[in-house]
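Asker: Residue numbers (this note's numbering), protein chains in the order written: chain A, 1 to 619; chain B, 1 to 619.
Quick caveat, the hints were computed from the structure, so don't treat them as lab data.
Quick caveat, the model's predicted, so the values are computed rather than measured.
C-beta: ideal position from N, C-alpha, C; glycine also.
Certain hints may be false.
With a straight-line Cα cutoff of 25 Å, these simulated DSS-like cross-link-like pairs (lysine-lysine) come out [as the list claims (entries may be wrong)]:
no.: 1; chain 1: B; residue 1: Lys599; chain 2: A; residue 2: Lys599
no.: 2; chain 1: B; residue 1: Lys248; chain 2: A; residue 2: Lys583
no.: 3; chain 1: A; residue 1: Lys456; chain 2: B; residue 2: Lys583
no.: 4; chain 1: A; residue 1: Lys248; chain 2: A; residue 2: Lys456
no.: 5; chain 1: A; residue 1: Lys599; chain 2: A; residue 2: Lys583
no.: 6; chain 1: B; residue 1: Lys502; chain 2: B; residue 2: Lys599
no.: 7; chain 1: B; residue 1: Lys456; chain 2: B; residue 2: Lys435
no.: 8; chain 1: B; residue 1: Lys248; chain 2: B; residue 2: Lys402
no.: 9; chain 1: B; residue 1: Lys599; chain 2: A; residue 2: Lys583
no.: 10; chain 1: A; residue 1: Lys502; chain 2: A; residue 2: Lys402
no.: 11; chain 1: B; residue 1: Lys402; chain 2: A; residue 2: Lys599
no.: 12; chain 1: B; residue 1: Lys583; chain 2: A; residue 2: Lys599
Coverage of chain B stretches by chain A, computed from C-beta distances (three or more under 8 Å per stretch; other residues unrestricted) [unchecked claim]:
no.: 13; region: 280-288
no.: 14; region: 458-470
no.: 15; region: 528-541
no.: 16; region: 581-589
Label pairs and their computed distance ranges (CB to CB) [claimed, not checked]:
no.: 17; chain 1: A; residue 1: Ile201; chain 2: B; residue 2: Ile440; range: 11 to 21 Å
no.: 18; chain 1: B; residue 1: Glu519; chain 2: A; residue 2: Gln336; range: 45 to 55 Å
no.: 19; chain 1: A; residue 1: Ile440; chain 2: B; residue 2: Pro446; range: 29 to 39 Å
no.: 20; chain 1: A; residue 1: Leu562; chain 2: B; residue 2: Ala522; range: 51 to 61 Å
Take a look at the letters that make up each chain.
2 protein chains.
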Amino acid sequence: MSFLGFLMGKPLASSEERAECIGPIAGIPVFGLDALSSAAYGPEAALTLLIPLGMAGIAHIVPISLAIIALLAIVFFSYCQTIDAYPHGGGSYTVASENLGETAGLFAAAALMIDYILNAAVGISAGVGALVSAFPKLQPHTLALCLVILALLTLINMRGTKDAGAAFLIPTYLFLGTLLLVIGVGAFRAITAHGHPVPVIVPPHLPAATSMISLWLILKVFASGCTAMTGVEAVSNGVVAFREPIQKNAKRTLTIIIVLLMIFLAGIALLCRAYNIGATDPTGAGYQSILSQLISAVMGRGWFYYVSIGSILAVLALSANTSFADFPRLTRAIAQRDYLPHVFQIRGRRLLYSHGIVALVGFTAALLIVFGGVTDRLIPLFAIGAFLAFTLSQAGMVVHWKRQPGNHLHRMIVNGIGAFATGITLIVVLVAKFKDGAWITALLVPALILLMVSIKRHYSSVRSEIAIDRPLNIDNLAHPFVVLPLDGWTRISEKGLRFALKLSDHVEAVHVDAEDCREQVAELWERDVALPLRSAGHIVPELVFVESPYRFVLLPLVDHILQLERNHPERQIAVLIPELVVKNWWQTPLHNQRSQLLKLLLLLRGNQRIMVINIPWYL
Amino acid sequence: MSFLGFLMGKPLASSEERAECIGPIAGIPVFGLDALSSAAYGPEAALTLLIPLGMAGIAHIVPISLAIIALLAIVFFSYCQTIDAYPHGGGSYTVASENLGETAGLFAAAALMIDYILNAAVGISAGVGALVSAFPKLQPHTLALCLVILALLTLINMRGTKDAGAAFLIPTYLFLGTLLLVIGVGAFRAITAHGHPVPVIVPPHLPAATSMISLWLILKVFASGCTAMTGVEAVSNGVVAFREPIQKNAKRTLTIIIVLLMIFLAGIALLCRAYNIGATDPTGAGYQSILSQLISAVMGRGWFYYVSIGSILAVLALSANTSFADFPRLTRAIAQRDYLPHVFQIRGRRLLYSHGIVALVGFTAALLIVFGGVTDRLIPLFAIGAFLAFTLSQAGMVVHWKRQPGNHLHRMIVNGIGAFATGITLIVVLVAKFKDGAWITALLVPALILLMVSIKRHYSSVRSEIAIDRPLNIDNLAHPFVVLPLDGWTRISEKGLRFALKLSDHVEAVHVDAEDCREQVAELWERDVALPLRSAGHIVPELVFVESPYRFVLLPLVDHILQLERNHPERQIAVLIPELVVKNWWQTPLHNQRSQLLKLLLLLRGNQRIMVINIPWYL
C-alpha cells in the first residue's frame with residue numbers, strides 16, 4: 001500500500017471495506033462534512049467584522065458572499081480535474097511534491113498540518129458557539145466545554161470507532177435538511193413580504209455604527225468569509241474510496257457538496273440582509289450565533305430550533321473529527337519520508353497512529369486555551385493553511401498537465417485560473433489578517449519546514465554514519481567477557497550464572513560489598529558454584545568483590561564495568577542484568593528500579609563495546 | 001551506618017560534618033524550628049473554635065494553654081530520659097519497634113509518615129496565613145500561594161542545599177527575638193495598665209456570642225491547641241548530631257526549646273486576653289491571624305510588624321522543610337525493612353532519596369488542594385499522628401527501662417506518666433476532632449499499615465519463590481539460540497551479527513518482509529555475510545523471512561520468536577536488539593521507539609527462556 005492511501009479522508013482504517021464502495025449518498029457525510037460545516041462559521045466570521053458598521057454593514061455581506069461563491073466555482077472546476085488526474089487520491093502533499101518538488105511538498109505538508117489542527121479547534125469552538133447560543137447560561141464555560149468535547153473526541157478516536165457510518169449520516173442529513181428548510185421557508189417569506197419579512201423572534205438589536213466602510217474592511221471581511229471554503233479538497237484526497245465508476249461518483253459527490261455549500265452561503269447572506277441579522281460580540285454577554293438568530297427568526301424557538309442547533313453542534317464536532325482521521329495519516333506519510341520523527345509511523349494498541357493523535361490533541365488544546373475557545377479569534381489563523389494547500393495543489397496540477405503527453409492546454413488553463421485565484425486569495429487573507437493572527441501561521445509554516453528539514457538532516461546523517469559498503473568482518477569472534485552482578489544465591493542468580501556460562505568462557509561475578517557480608521558470599525560461592533563446576537571439570541568463573549564504603553551499589557558497579565572494559569580492549573563486555581517481571585501491573589513499583597537504573601547508567605556512561613543482557617524472571 | 005542515622009532531624013546529609021558538632025545555639029534552629037513554629041498555629045487553632053462564644057470565649061484560652069503547658073512539661077521530662085537511653089537517636093519508629101514489637105513499629109511508622117506530610121501542609125498554609133494577614137489582597141490566592149511555596153521548597157530540596165545553616169539561623173532568631181519582644185512589651189503594658197492596655201491598632205471587632213461554653217467545646221479547643229506540641233520529639237531523634245558532651249548538649253537544647261515554647265504559649269494566651277484578641281474566620285474576607293493582630297496591637301503596623309510577619313512566614317516554611325529532610329529518611333528506613341517499595345532506598349542524581357521527596361510533595365499538594373490551603377481545616381487531622389508517635393515512643397521507653405538491668409522504677413514512672421498523658425490526649429484529640437477530620441487520619445493509619453503489611457508479604461513471597469537451597473545446576477550448558485532482527489545491511493546489523501556469532505553457533509537472522517524487498521535482502525546476505533563466513537569455514541547463520549502482509553514489523557517478529565521458543569524446548573532464546581544512543585537528549589524522540597516497543601512486547605509476552613540482549617550503537 002502506498003503512502004497515498006494514508007492521506008485519504010476516510011474516518012478510520014478499519015472501515016476501509018465499507019468505504020471502498022461508497023456512492024454520493026454516503027460520500028457526502030464522509031467527505032463533505034468538513035466543507036459543509038464551514039457554512040456554520042464562515043458567514044459568521046465575515047459578519048463579525050461588520051459589527052462596527054451597525055445596520056448598514058449587513059448589506060455588504062451579499063456581494064462578498066457572491067465573490068466567495070465565484071471563487072468556489074473556480075476551485076470546483078480545478079478539483080474536478082484533479083480527480084480525473086489522480087484517481088488514487090490527490091492530496092495537496094502528493095500533488096505538490098510530485099509536481100513541484102520537495103520544497104513545495106514541505107510547504108504543503110506544513111500548511112496541511114496547521115490546517116488540520118485549526119480545523120479541529122475551529123470545529124469544536126464553533127460547535128460550542130452554537131450550544132452557547134441556545135443556552136446562554138453556558139457562555140462563561142465556553143473554554144471548558146471546548147476542552148470536554150476535545151477530550152470526548154480523543155477518547156473515541158483512541159479507542160477506535162469500528163463503524164462511524166450512522167454517527168456521520170444522521171447528523172449530516174439532519175443539518176442539511178434543517179438548514180435547507182430554514183433557507184427555503186425564509187426565502188419564501190422574504191419574497192412574499194417583498195423583502196421585509198416579519199421575524200418570529202426578533203434578532204438582537206444591532207449597535208449603532210461606529211465606523212465607515214472602507215476597501216480595507218471589505219478585504220478583511222472577504223478574507224474571513226473564505227474560511228467557509230475550507231475542507232473542499234477532501235473528495236479529491238479520497239477518490240479511491242468511491243465505487244465504480246470511481247471518478248464519476250467522486251465528481252458527482254463533489255458537485256453536490258459544492259452546490260449545497262453555495263446555496264448555504266447565498267441563502268445565509270440574503271436572509272441575514274432580509275431579516276437584519278448581524279453578528280453579536282462573541283466574548284460579550286448575550287452572544288448568539290448567526291445561524292441561531294436566523295433559525296429563531298424564521299422558525300421560532302420550538303423543537304425545530306433545538307434539533308437544528310443540535311445537528312449543527314454534532315456536525316461541527318464531527319468535522320473536527322476529520323482532523324483526527326487525517327492528521328495522523330499525514331504525519332505518518334511525512335515521517336516515512338524522514339521529515340518527522342519515525343514514531344509517527346508506529347501503530348498503537350488499537351492499530352491507530354496514536355502518536356499523531358496525541359500531537360493533534362496537544363496542539364488543538366493549546367490553541368483552544370490560548371484563544372479562549374472563541375472561534376472568531378481562531379479564524380484569522382485558519383484560511384491561510386487551507387489556501388496555501390489549494391494554491392500549491394492547483395499549481396502542481398498545472399505542471400502535471402504540462403508533463404502529460406498530448407495537448408492539455410484547456411486543462412492547464414482551468415487549473416491555472418484555480419491556482420491564480422486561490423493564490424491571490426491567499427495573499428489577500430495573509431495581508432488582511434496579518435495583524436489579527438495570520439502572522440502566527442505565517443511564522444509557523446517556515447518554522448515547521450525548518451524543523452522538518454533538520455529532522456531529515458539528522459536522519460540522513462545517521463543513515464550515512466551506519467551505512468556499510470563492505471562484507472561482514474569475521475576477525476576476532478572470541479567470546480565476550482560476561483559480567484554478572486551477584487547479590488546473593490537465589491534462583492535468579494542461578495539463572496543468570498547458567499546463562500553466562502552458556503555464552504562465554506570468560507565470566508566474572510561481581511559482588512558490591514555494601515552490607516559487609518563478603519565472607520558469607522565467598523563461602524556460598526565456593527560451596528554452591530565453584531565446587532560443582534570444578535568437580536565437573538568446568539572453568540570456574542571469577543568472583544570479584546567491589547568495595548562500597550557508602551553503601552552505594554550501582555555507581556561502584558558501573559565504575560568497575562567501565563574499568564573492565566578498559567582492561568580488556570580485545571573483548572566486548574556483556575553485562576547480565578536479572579530483572580523481575582511481575583504478574584500484576586500494580587506490583588511494578590515494588591521491583592526493578594535498580595535494574596532499570598543500572599541499564600540506564602550503562603547506556604549513558606557505556607560505549608560501543610558494552611552490551612546489556614536482560615535476564616527476565618517471571619514471578 | 002545504621003538506619004537510625006537516617007531518622008535524624010538534620011536538614012540534609014551533606015551537612016553532616018557541620019551538624020555533627022553542634023551545640024545549643026545551632027541546635028535550636030535545626031531541631032527546634034518545628035516545635036517553636038507550632039506556636040504560630042496552635043493558639044490560633046484553639047481560638048478559632050472559640051469564635052462562637054464571642055468576647056467571652058477569649059478568657060478560656062488561658063486555662064487551656066496552661067493545661068497544654070503542663071502536658072508539655074510531662075513530655076519534656078519523658079524525652080530527657082529518651083535522650084539518656086538512646087544517645088544515637090531515639091525516633092518513635094526506633095523506640096517503638098525495638099521495645100514494643102513490629103506492629104507497634106508499624107503504627108509509629110504510619111503515624112510519623114502522616115505527621116510529616118501534615119507538618120509540611122500546615123507549615124506552608126500557616127505561613128501563607130501570616131502573609132495574607134499582612135496583605136489582605138492576597139487572600140483569594142491562598143491556595144495558589146501555598147502551592148508556589150511548596151514548589152519552591154521542592155526545587156530547593158531536589159537540587160540539594162549544600163549549607164542551610166544561615167538560612168535557618170537568621171529567621172529563627174528573628175522570629176524568637178521579635179515574638180519575645182512583643183510578649184515582653186505587651187506584658188509590661190498590660191501590667192502598667194492594670195490588665196487593660198490600649199492597643200496601638202485595635203483588633204477586629206469580635207462577633208456576638210452565638211453559643212454557650214460546654215465541656216465538649218473545651219475538649220475540642222484543648223485538642224486543637226495540642227497541635228502546638230508537634231515537633232518536640234526532633235531533638236531526641238537527632239542526639240548524635242550534638243557535640244560532646246552529647247547528651248548534656250541535647251538536653252540543654254531541648255530545655256531551651258521547651259521553655260521558649262512555654263513562654264510563647266503562655267504569653268500569647270495572656271496577651272490575647274488582655275488585648276481582647278480573638279480569631280477571625282480564616283475563609284471569610286478580612287481574615288487576620290492571631291499573631292498579626294497581637295503584633296499590630298502591641299507594636300503597631302510599622303517596619304517591626306513586617307519584619308515579624310516575614311520571620312513567621314520564613315520559619316513556618318522552614319519548618320515544612322523539616323518534612324523534606326525527614327520524610328525521605330523515614331520512608332527509606334521503612335523500605336529497608338520491606339514495608340515500603342524498595343525504590344525509596346535509591347538515591348537520585350543529587351544523592352537524595354528523591355522518590356521520598358516526590359511522594360511527600362504529591363501528598364502535601366493533594367492535602368493543600370483538598371483543604372483549600374486553610375490551616376484551620378488541616379488542624380483536626382494533625383495532632384493525632386504526633387500524639388500517636390509520642391505515646392508509642394513513651395510506652396516503648398517504659399518497656400526499655402523494664403528490660404534494662406538494675407532498678408529503673410523512677411525512670412519507668414516518668415515515661416509511664418508521659419505515655420499516659422499523651423495517650424489520654426490522643427484519645428481526647430481523636431474523639432473531639434473525629435467529625436472534623438480526625439476520622440481521616442484514623443482511617444489512614446490502619447490503611448497505611450495494611451498497605452505496608454501487604455507490601456512486606458509480597459516481598460517475602462518473592463523472596464521465598466527465588467530462594468534456592470542447592471548448588472548450581474550444571475546440566476545442559478549448551479549455547480543459546482540467538483535471534484537477530486535484520487532490517488538491512490548497516491554497521492549496526494554488522495555489530496549485532498558479530499556479537500551473535502561470538503555468543504553462539506546457533507544464530508538466526510530474521511527479516512520481517514514488510515516492504516517487499518525479500519530478494520534484495522537475500523542477495524545482500526549471500527554476498528556480504530554468507531560468502532565470507534563460508535570461505536572462512538565458519539558456520540553460516542540462517543536467514544529467515546517472516547511474512548507481513550499488513551506492513552507490521554513488531555507483532556510478526558514477536559510471534560516468530562515465541563514460535564521458535566516452542567520449537568526449541570531444549571535451548572534458551574536470546575534476542576539481540578540493536579539500539580541507537582543519541583548524543584543530545586532532544587534527539588531521543590527521533591529514535592528507538594521500535595526497539596523499546598520490541599523489548600516491552602518481549603517482556604510482556606515472553607517467558608523464562610527468552611532473554612533480550614541490547615546492542616547499543618553510540619552515534
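Asker: Look at each hint and say if it fits the structure.
Answerer: Hint check results:
no.	hint	result
1	B:Lys599 x A:Lys599	holds (13 Å)
2	B:Lys248 x A:Lys583	violated (54 Å)
3	A:Lys456 x B:Lys583	holds (17 Å)
4	A:Lys248 x A:Lys456	violated (39 Å)
5	A:Lys599 x A:Lys583	holds (22 Å)
6	B:Lys502 x B:Lys599	holds (22 Å)
7	B:Lys456 x B:Lys435	violated (32 Å)
8	B:Lys248 x B:Lys402	holds (24 Å)
9	B:Lys599 x A:Lys583	holds (17 Å)
10	A:Lys502 x A:Lys402	violated (67 Å)
11	B:Lys402 x A:Lys599	violated (51 Å)
12	B:Lys583 x A:Lys599	holds (17 Å)
13	280-288	violated (count 0)
14	458-470	holds (count 8)
15	528-541	holds (count 7)
16	581-589	holds (count 3)
17	A:Ile201 x B:Ile440: 11 to 21 Å	violated (54 Å)
18	B:Glu519 x A:Gln336: 45 to 55 Å	violated (22 Å)
19	A:Ile440 x B:Pro446: 29 to 39 Å	violated (56 Å)
20	A:Leu562 x B:Ala522: 51 to 61 Å	violated (40 Å)
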